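Colleague: Protein chains in written order, with the numbering used here: chain A, 89 to 362; chain B, 89 to 362; chain C, 89 to 362.
No wet-lab data here; the hints were simulated from the structure. It cannot be assumed that every hint is accurate.
If several chains are the same, the list does not tell them apart, and a pair holds so long as it fits within one copy or across any two.
List of simulated lysine-lysine pairs, BS3-like, C-alpha gap at most 30 angstroms [to be verified]:
| id | residue 1 | residue 2 |
| --- | --- | --- |
| 1 | Lys-353 | Lys-326 |
| 2 | Lys-283 | Lys-326 |
| 3 | Lys-353 | Lys-199 |
| 4 | Lys-172 | Lys-199 |
| 5 | Lys-283 | Lys-353 |
| 6 | Lys-251 | Lys-356 |
| 7 | Lys-251 | Lys-172 |
| 8 | Lys-356 | Lys-102 |
| 9 | Lys-203 | Lys-172 |
From a predicted model like this one, the values you see are computed outputs, not experimental measurements.
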Amino acid sequence: MADITAVISQSIEKLRSNMPLVHCITNYVTVNDVANALLAIGASPIMADDIREVSDITAISSALVINIGTLNERTVQSMLEAGKTANKNNIPVVLDPVGAGASQFRNYTVKELLKEVQINVIRGNLSEVSYIAGLKVNTKGVDTALADSCNNPMEMALMAANKYNCTVGITGAVDVVTDGNRVVQISNGVTYLSKVTGTGCMTTALVGAFMGAGVDSLTATIAGICSMGIAGEISYEKYNDIGTGTFHMGIIDALSRLNTDTYIKRAKLNEKES
Amino acid sequence: MADITAVISQSIEKLRSNMPLVHCITNYVTVNDVANALLAIGASPIMADDIREVSDITAISSALVINIGTLNERTVQSMLEAGKTANKNNIPVVLDPVGAGASQFRNYTVKELLKEVQINVIRGNLSEVSYIAGLKVNTKGVDTALADSCNNPMEMALMAANKYNCTVGITGAVDVVTDGNRVVQISNGVTYLSKVTGTGCMTTALVGAFMGAGVDSLTATIAGICSMGIAGEISYEKYNDIGTGTFHMGIIDALSRLNTDTYIKRAKLNEKES
Amino acid sequence: MADITAVISQSIEKLRSNMPLVHCITNYVTVNDVANALLAIGASPIMADDIREVSDITAISSALVINIGTLNERTVQSMLEAGKTANKNNIPVVLDPVGAGASQFRNYTVKELLKEVQINVIRGNLSEVSYIAGLKVNTKGVDTALADSCNNPMEMALMAANKYNCTVGITGAVDVVTDGNRVVQISNGVTYLSKVTGTGCMTTALVGAFMGAGVDSLTATIAGICSMGIAGEISYEKYNDIGTGTFHMGIIDALSRLNTDTYIKRAKLNEKES
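This is chain A alone, in the form it adopts within the complex:
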């Protein structure tokens, strides 16, 4: 995977010099981390969710990130509106279907978004993407532990990618990314990442940052997921079991210090026959 590693390691320089503006309609649980992760990686975040302004904001942005973590009727309308504006202006759209499968409202929202908006990348955990791929799942909050043992991530990712003609990234013990054609596994990360809320949301936003810098969707999704995995490794190597608060801070630190060399040294990528 020397080629992909080379490509993603170059993407970080592209991102840092472009400083793309990334419009996020995201949940209020992890929004601060999402903004700080975007700043750390070199992007410029803007959060706006009122229907009276989402089109204006999307139109001046380089990418749109939609995260349904704490959706409500008002913001769902804004997500649809922003998504359509993004499509009209060829601005890439990244979707994080947080908790898909856990409530009818989330299921309905995900369906509407996928119907009304051409999504470029879906980044979720196995249970969320399995729901999107058309299977019934039993989502336990935003937790990946149980779901991970149920289905086959590679199969689910391919199914969703082909169904919606987009790139799909499933994060878990081993992450899988596919554009429906090529399939890449990422083995970076530490289990401690699941003990901090928002590592998934931040990962999705990072994908948006890379896409906003003009990186293609497969590379951007690999780069975003790999960045979070590496940041987790660096933080854990530094702080071990001091606790999840320090580890959390260390993730942002590591993101703010990523450079070409970091990816070359640490990225664990593996292309599979799809």
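With the hints as your guide, set chains B and C onto chain A.
Modeller: Only chains B and C this time, still in chain A's reference frame:
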């Protein structure tokens, strides 16, 4: 208090092995800390506040935590709906009446919640619980400093517990927990805890985590409050006066490392004649 | 500037002994930092944005801080209502026009607020204040980098101050504060401050804290801006390039330790001919 200490020290193991899903309808000021505190103690947080999904989410959860810190008309309806679903499904409900007494809207909301929903635990400061107990108070924000000198916490806790047939925990310099029958004082904690926003909200969520793991309400309330007090002590002993930012991080660290021994060594419980 | 330095260095003691309650209607991205910054500097934060309670909450507060970072139709009405209540009760109002110029909805909201409410202090970056001063700008999110090179901060601050009869603080590489008459430049701060979201929002809230302690608007604005700059310097001197997560934590630490001496030693103020 060897018996209660033993019981709460065992509860942490129960909690960590059960990983209960805790549904929080909570304020946007401290929601990230609440989620991270729940993960740190071993629970799994899910935040959802739209009326179209709160019933679905509560129904798959092991506990419901309602916090009125930044309530609005929309979320109040969701709180009522979620509370009723919890009651129907025998899912425990914990209420944090943030700022009760400070506005008519908060007072109205607290009254509605207590009328429409059987609350299992109320966790607040002295001024908030005094309002609930039926007394007029002068709430200064979410601050406990002034109110602490006005009324008698034990009297207020008993009054509220008997009035609403629930367990009540009042946090302050010395915390008081009662189920209307037994009364336990907790002397853990450091004054620095009042210099970080959200320590109260996190405490309430921790109570919900213990209840979600099947711990009875008196024990769960003691365990939740005691956990935050101990976490504050550990963080302060480690970092002293470095500043409230580091102290804040240290609280989450300490929560993520609590175990049976921590409670046995540190819990300062004192049962009173009620 | 020995006199102004002396005045602001005394203000911190006044603030810490007064512990003013500061009502914030603010964005959900940085609200936790805003609350913790207020606690760190010695104030008491209360966040409330429902129209059914904002008047009650403002009326018991010592200052009102309005931040339009993630405004929506509901909260804009609450901002107007709270602002009017503040005016009626002679409670100072501080406005952070986040992203003014970036969408028609933000522009409309800023105009409404400035028309319906007497604002005491506007604290923004150059592009936001330039919009307010009546010039067309090209706001890129909440970023100051590009805008800083376009217009003259001193000119813009004076124009806005005279137009709305208030004090204006523009933060950037060098900050400018004016009440329309006196003009003071502040040279504290480090570039790293722009890599953490919310340093602007926190600065605005700190201005509100000083005003809530009875400090006049020119001094309060200088003190608030200078406090954040100094906190950034202290954190950066301590942690250098460890990363933006640690730097972020260090800002709150430093705010919680500010005292009279800190300002005397570090404040870099320069009064200009206006």
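Colleague: Work down the list of hints and note, for each, if the structure agrees.
Modeller: The hints, checked one at a time:
1. In this assembly of identical chains, Lys-353 and Lys-326 lie within 30 angstroms of each other by CA distance both inside one copy and across copies; the values are 17 angstroms within and 29 angstroms between.
2. Proximity of Lys-283 and Lys-326 under a CA criterion of 30 angstroms is satisfied in both settings, with 17 angstroms inside one chain copy and 22 angstroms between copies.
3. For a Cα distance limit of 30 angstroms, the shortest separation of Lys-353 from Lys-199 qualifies neither inside one copy, at 40 angstroms, nor across copies, at 52 angstroms.
4. Within a single copy, Lys-172 and Lys-199 get their C-alpha atoms as close as 15 angstroms, and across copies as close as 28 angstroms, so both meet the 30 angstroms cut-off.
5. Taking CA atoms no more than 30 angstroms apart as the test, Lys-283 paired with Lys-353 passes in both settings, with 25 angstroms inside one copy and 25 angstroms between copies.
6. Taking the shortest alpha-carbon separations for Lys-251 and Lys-356, only the intra-copy value of 28 angstroms comes in at or below 30 angstroms, while the best inter-copy value is 58 angstroms.
7. Proximity of Lys-251 and Lys-172 under a CA criterion of 30 angstroms is satisfied intra-copy only: 19 angstroms inside one chain copy versus 39 angstroms between copies.
8. With identical chains, the CA atoms of Lys-356 and Lys-102 are at most 30 angstroms apart within one copy only, with a shortest distance of 21 angstroms there and 36 angstroms across copies.
9. Taking the shortest Cα distances, Lys-203 and Lys-172 sit within 30 angstroms of each other inside one copy (11 angstroms), while across copies they are farther apart (34 angstroms).
In summary, the one numbered hint that this structure violates is 3.
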